[in-house]
Amino acid sequence: MTRFLAILAACFVASATSSRADERPNIVVIMADDLGLGDVSFHVRSIQKREPLVETPTLDALAARSLWFTDGHSATALCAPTRYAVMSGNNNYRCYAPWGVWSTFGQSAFKQGHATLGTVVRDAGYQTGFVGKWHLGGDFYVPGSEQIYRGKKNGDLTGKVDMTRMISGGPKDCGFDYDVTTPCGIQGPIYLLYENQVWSPLADDSHIVFLNEENAIDPRSISDKGPGLGDSNWDTQEIGKLLSAKAADFIKHSAAGDDPFFLYYCSPMVHLPHCPPDDFDGKPIKGETPTRHLDMILDLDMQVKRIVDALDDAGELQNTLIVVTSDNGGLSDGAAGKHGHFSNGGWNGNKNSPLEGGHRVPFFAVWPDRITPGITGELAVNQDLVATLAALVGTKIPEGQAMDSLNLLPLLLGQDGFQPRDYLAMQAGSKNEVMFRKGGWKLILQSDHKLSKFKPIALFNLDENPTEHPAENKVDEPAHAQRVEQLKNEYLRIRQSGQRTTPEAQS
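For the sequence shown, the numbering used here assigns the number 38 to the initial residue and increments by one for each residue that follows.
I should point out that these hints are in silico values taken from the structure, not numbers from a laboratory. Here the structure is a predicted model, which is why all the values come from computation and not from measurement. Be aware that a few hints might be false.
If you anchor each label on the Cβ, the simulated ranges turn out as follows [as the list claims (entries may be wrong)]:
id: 1; residue 1: I254; residue 2: T201; range: 16 to 26 Å
id: 2; residue 1: P503; residue 2: S467; range: 23 to 33 Å
id: 3; residue 1: E541; residue 2: G162; range: 21 to 31 Å
id: 4; residue 1: A372; residue 2: P321; range: 18 to 28 Å
id: 5; residue 1: P457; residue 2: I84; range: 13 to 23 Å
id: 6; residue 1: I412; residue 2: A240; range: 37 to 47 Å
Dumping the calculated EDC-like pairs for lysine to aspartate or glutamate here, alpha-carbon to alpha-carbon at most 16 Å [said to hold, decoys possible]:
id: 7; residue 1: K511; residue 2: E501
id: 8; residue 1: K525; residue 2: D500
id: 9; residue 1: K492; residue 2: E527
id: 10; residue 1: K468; residue 2: D485
id: 11; residue 1: K475; residue 2: E415
id: 12; residue 1: K511; residue 2: D500
id: 13; residue 1: K86; residue 2: D97
id: 14; residue 1: K490; residue 2: E514
id: 15; residue 1: K209; residue 2: E232
id: 16; residue 1: K475; residue 2: E501
id: 17; residue 1: K209; residue 2: D176
id: 18; residue 1: K289; residue 2: D350
id: 19; residue 1: K189; residue 2: D199
id: 20; residue 1: K278; residue 2: D318
id: 21; residue 1: K323; residue 2: E92
id: 22; residue 1: K148; residue 2: D210
id: 23; residue 1: K278; residue 2: D316
id: 24; residue 1: K475; residue 2: D108
id: 25; residue 1: K323; residue 2: D255
id: 26; residue 1: K278; residue 2: D346
id: 27; residue 1: K433; residue 2: D160
id: 28; residue 1: K197; residue 2: D176
id: 29; residue 1: K320; residue 2: E275
Backbone N, C-alpha and C fix where the C-beta goes; we use that ideal spot for every residue, glycine too.
Using the sequences and the hints, build the whole thing.
And the structure:
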């Protein structure tokens, strides 16, 4: 690993070696699953000033050469709704499924012809590839017909849905020329892999079966989402290796072409089930930390290493913008917390929570010789990637699209013209809370499932109480009644008007 870090450092300070070095950069966006700030040792050591329990050397090497956002967020505190927001540049209340398209067989929330993370880059002449967890629905036929299956998502669906190919509703429809997709990541209840919309068997003798704990290679592979249709050779501990190998192959083949490339890599780690491999490219993984959860952080770091190595081997590392983020805050610590590991990185709350630990995530960008390394307190959300990448490659986003995506490019490059948000509208998780942040204030509203009723339940001053200590909840203080009402009414006005939530200049 020491040799790898030396090579990485040398690549970042060396002069560009790519034949496209003076042209548009390649782009790699890496979105981890359930990775909290405290899961990245750079944050623990550099921001929290503590010694980390788990080391992430690859992520750290990138972070040390990045612009790191201490006020960086996921669009929501849960997986599926964040993935919609990142892909579309829209807040989730703009789609038919504001709390997320969770079913593999759910109707896509993307409108045909609208800008997505893939289309804005593809339309600029890039080769585009998606690898990893989808969790945004899809269209599959009922066997022997051209009827789209919209039935239940789990259980034994043998004979009820044709899982051999995804007809539409996948990465291809969002602007990706190439894709390797796991519809549910590793969490089920579908345990299959698709390459360019077609089922990709994991072995020569693979067949699609009703996969449960009795017939799975590893019973732990069947997550709490339950059994479902899957590849008879599905083995969760190998999925990180498989996906990162596909990502590296995409880089290798794309780099041999004339056009720049864009890879959107959605790792399913470190989500449950935690099934660490014995080793990864010679590095021991299983049992190297106090818990299986923390072992999976090592697995993720090695996936990122493969991607960085592929860029280096292709001579493209110097000419590639790399962005790393997560779909929501880290998992509750459980056993890891007893050993001193806290995934929320010092914030209150974890995944699914409206508190900062539920949505404040690793968010950093690396582009050697173009982005000056450092730490910024500017507010950024991973749904800002649509506007940022469009500005980078020169694509014009049509009026009325990517309404909540902010162009971060001037900030990243240290140029004039950056226009920060005036406010931020967000949502949490399964308890249906929404959040409105303006200035130093953050109002949490309890919503109903239809987002039609809103009751203020918490008001925090993040400048004075950044960890949102519950004793400092000011929502019921008479002195703040007017502030609560003003923030609530402004949030409702923004919602009801449908207005964009980023400056007009970003459209």
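Hints, one by one, checked against the model:
Checked against the hint of 16 to 26 Å, the C-beta distance between I254 and T201 comes to roughly 21 Å, which is consistent with it. Under the hint 23 to 33 Å, the C-beta atoms of P503 and S467, about 25 Å apart, fit the expected range. Against the hinted window of 21 to 31 Å, the Cβ-Cβ separation of E541 and G162 comes to about 27 Å, which satisfies the hint. In this structure the supplied range 18 to 28 Å holds for A372 paired with P321, their Cβ-Cβ distance being about 20 Å.
At roughly 21 Å, the beta carbons of P457 and I84 sit within the given window of 13 to 23 Å. The given range of 37 to 47 Å is respected by I412 and A240, whose C-beta atoms sit roughly 46 Å from each other. A hinted pair counts as satisfied when its Cα atoms are at most 16 Å apart, and K511 with E501 qualifies at roughly 12 Å. Of the pairs offered as hints, the one joining K525 and D500 is violated, with about 20 Å between alpha carbons and a cut-off of 16 Å exceeded.
Note on K492 and E527: the hinted pairing holds, with a Cα-Cα distance of about 14 Å set against a maximum of 16 Å. With a C-alpha separation of about 9 Å, the suggested pairing of K468 with D485 holds against the 16 Å cut-off. Simply put, K475 and E415 have alpha-carbon atoms about 13 Å apart, close enough for the 16 Å limit, and the pair holds. Between K511 and D500, the direct Cα distance comes to roughly 14 Å. Compliance with the 16 Å bound is thereby established for this hinted pair.
Proximity of K86 to D97 is assessed by CA-CA distance (about 14 Å); at most 16 Å being required, the pair is judged to hold. For the proposed pair K490 and E514, the alpha carbon gap of about 22 Å is over 16 Å, so the pair is violated. Restraint check for K209 and E232: satisfied, since their Cα atoms lie roughly 11 Å apart, inside the 16 Å limit. The hinted pair formed by K475 and E501 meets the criterion: a straight-line CA distance of about 14 Å does not exceed 16 Å.
Under the criterion of a C-alpha separation no larger than 16 Å, the hint pairing K209 with D176 is consistent with the structure, at around 12 Å. For the suggested pair K289 and D350, the alpha carbons sit about 8 Å apart, so the restraint of at most 16 Å is met. Pair hint K189 plus D199 holds up; C-alpha atoms about 14 Å apart against a cutoff of 16 Å. About 9 Å separates the Cα atoms of K278 and D318, which keeps this hinted pair within 16 Å; it holds.
Straight-line distance between C-alpha atoms of K323 and E92 comes to about 14 Å, which keeps the hinted pair within the 16 Å bound. With a C-alpha separation of about 10 Å, the suggested pair K148 and D210 falls inside the 16 Å cut-off, and the hint holds. This hinted pair checks out: K278 and D316 have alpha carbons roughly 10 Å apart, not beyond 16 Å. Distance hint between K475 and D108 is fulfilled; the C-alpha atoms sit about 14 Å from each other, no more than 16 Å.
Taken as a hint, the K323 and D255 pair is honoured in the structure, with Cα atoms around 14 Å apart against an allowance of 16 Å. For the hint pairing K278 with D346, the CA-to-CA distance comes to about 14 Å; that is within 16 Å, so the pair holds. Proposed proximity of K433 and D160 is supported: the alpha carbons are some 10 Å apart, at most 16 Å. A threshold of 16 Å between alpha carbons decides the hint, and for K197 with D176 the separation of about 13 Å falls inside it, so the pair holds.
At most 16 Å may separate the alpha-carbon atoms for a hinted pair to count; K320 and E275 meet this at roughly 14 Å.
The earlier numbered hints that this structure contradicts are 8, 14.
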